[in-house]
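2 protein chains.
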Amino acid sequence: MSTVSTPFGVATLPYGVFSTASDQRARVGVAIDDLILDLAPAVQLLAPALAPAVAGPSLDTLLAAGPQTWSQVRALLTGWLADGTVSERLGPHLVPARDAVLHLPFTVADYVDFYASEQHATNLGKMFRPGQDPLTPNWKHLPIGYHGRAGTVVASGTDIVRPCGQRRGTDGDITFGPSQRLDIEAELGFVVGTPSPLGRPVDLAGFERHVFGVCLVNDWSARDIQAWEYVPLGPFLGKSFATSISPWVVPLAALGSARVPPPARTVPLLPYLDDSQAPPWGLDVRLEVRLNGHVVSRPRSDGMYWTGAQMLAHLTANGASLRTGDLYASGTISGERPGERGSLIELSWGGTEPLRLPDGTTRTFLDDGDEIVISASAPGADGVVIGLGEVRGRIRPAI
Amino acid sequence: MSTVSTPFGVATLPYGVFSTASDQRARVGVAIDDLILDLAPAVQLLAPALAPAVAGPSLDTLLAAGPQTWSQVRALLTGWLADGTVSERLGPHLVPARDAVLHLPFTVADYVDFYASEQHATNLGKMFRPGQDPLTPNWKHLPIGYHGRAGTVVASGTDIVRPCGQRRGTDGDITFGPSQRLDIEAELGFVVGTPSPLGRPVDLAGFERHVFGVCLVNDWSARDIQAWEYVPLGPFLGKSFATSISPWVVPLAALGSARVPPPARTVPLLPYLDDSQAPPWGLDVRLEVRLNGHVVSRPRSDGMYWTGAQMLAHLTANGASLRTGDLYASGTISGERPGERGSLIELSWGGTEPLRLPDGTTRTFLDDGDEIVISASAPGADGVVIGLGEVRGRIRPAI
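Same order as they appear, the protein sequences are chains A and B. Per this note's numbering, the very first residue in the first sequence carries number 1; after that it's consecutive. Per this note's numbering, the very first residue in the second sequence carries number 1; after that it's consecutive.
Be a bit skeptical, because a hint or two may be false.
What the simulated footprint calls covered on chain A by chain B, stretch by stretch (three residues with Cβ under 8 Å from a Cβ of chain B suffice, anywhere in the stretch; the number is not a length) [said to hold, decoys possible]: (1) 148-157; (2) 207-220; (3) 266-273; (4) 286-292; (5) 302-309.
It is worth saying that the hints were derived from the structure and are not from the lab. Just so you know, even glycine gets a beta-carbon here, dropped at the ideal spot from N, CA and C.
Kindly generate the complete structure, drawing on both the sequences and the hints.
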């Protein structure tokens, strides 16, 4: 087996769910270079006591098994791949990735979307609430978030039907029809493994006990629907038609070298959010957004104001319980520079500055047939690259 | 068996999940007067072909079985109860309701809360956005809603721990601590049975195919947390600590005589929401809110601007799919008169007009130890009363 550093090299070892033409059962796999290890039979062969944790048609059981099991399984995999005699025995359980169909990796319990990038919130504030402070007064006191629709979180590769909805025209007329401002949001998602009981907040240090890993999220957004509906109770149909996630969940354990201090806080934080004394959970993930193959943005998450640990501490501060499979996402990741903005509404500045693509076409928002691929990687130890894979979706015309 | 008209008489036949000291398995039951019919063995005995639909530890299977099965099971029950010889054979499967523990009746998939009462939205608008139009410009064009936390929907009787959170004092200081403005919201919940695929809206006529029945909802709300957090993305931690639902789900089939025309629409509706030509799905449900046993409000749902059918058509207008177990609620039901307001923030007008209880105490918001019981009934045929049971919860001190 190759030990060359690829995005899915031995330092990454992400988990997903796959099937093949010859074995159509959905089952847990680990990506290794351009292969997928069929995890259940491999563990059954070499460490049968752990087999129940990786059995079944999704990651749900592994997620629920908790951090000790996560560490054990990862240590086993790392050991096996380093040991030539063992890795030879894994051969029969390796499948070429190109032969696999990848599925939604876990059952999404609740889905929460945050708004953690200051640059994104500032850009959106300028466009949605012109003439007011772009950041609302609460923005630097708490990670703003809202619940999204868990039932419409879909696997990467699922086509996205252009949503219809109500929007208000510039003439003030209210009409119903296909969204004319269909957008993307490039985000990082956090996947909860260990549940928590009702009434018991999870503190900053609890992040590593409760969160299994990260995935990529494209939070498709219909800006015209959203702009008309979202006051006073927040986004609803402008978001709920679909949210795509990447097939591979990268464990937190692979991201040790990607941890960076978050930006300096300009407003003092309440104790439950104050991470100044804690090891930081800022993450240096470098994303790339491609539209029909052309790179249109390269957002980086290292500038995100709120960390995943802070989002979780806030989400549970009121005693809300966690379930295995809860997914919470960062909100659009946007950097300081125009080429680092994670949504088209920012890249085209509300549609006023069309993007010119290398194929000669221009875009403000998405056309039918457009394909968006968001990919990402993070730094590992010793120059190794940790891959987060990609999340992909193509726009189909409204029905 | 008694055929006297009680709220859970033969015209109601609500479904729930119960267990007993002598048989601790959670199982499907039907309430009949002060008895519960253990449905699975009864159906196994008398109509075994339908037994799989009512087996298992929750209503999930029955909900998923669809409207034809719902009708068949209800017709069987009605027939059995009218037939003395059959109802005698049911005897061994009847349990006194007082001996049963009632559970969360179904697995909540996504939870959406609407804002369908004009009086409530007007009252809240006046208090949350003084000096502006109380109704936002979109309010009469679409049923405003947002997603809540499905994982913290709890069974009636579950104690509610007072949530902590951030709030902004009148001096502008931001502090963290137990909510000082803990409130209730008396609502009607709609329980989805039949799923729908992504990309396929459910029209107004689809309501009866997709919605199995209704329950009562207490959408506990921490007003101080909510007021500080909710701009711009809507309510989050002010709501997500707990939402209580009643144990008995009353099928739509029991509510035929409670259907009433909704209020006159003062703004023309887009076709997908226009119910002027359809049989109306306004509902005349009469609620009663008791605080420590004292009635503090009697809201009625017949004045609600948006119907359950309109809420569902809107929720899916963008192609969002439905799952079995989706729950959507009306939002607080408030009438024109002060004694018909469904939340304490309205009853005490933002805390400025304390309620005086018959026990000599006063309330603006909830004290630790307070118990709230919301009960309801609806008119049936020939003067019969259709009971919706009750949803109950007591406040425990913050941890």
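Structure-based check of all given hints:
Evaluation of the coverage hint for the region 148-157 of chain A: fulfilled, as 6 residues show C-beta separations to chain B shorter than 8 Å, against a requirement of three. Counting residues of the region 207-220 of chain A whose CB falls under 8 Å from any CB of chain B gives 0; the rule of at least 3 is not met. For a cut-off of 8 Å, the count of residues in the region 266-273 of chain A with a CB near a CB of chain B stands at 3, and the three-residue condition holds. With 0 residues bearing a CB less than 8 Å from a CB of chain B, the region 286-292 of chain A misses the requirement of three and the coverage assertion fails.
With 0 residues having a Cβ less than 8 Å from any Cβ of chain B, the region 302-309 of chain A misses the three-residue criterion, and the hint is violated.
Taken one by one, the earlier hints fail for this structure at numbers 2, 4 and 5, listed in ascending order.
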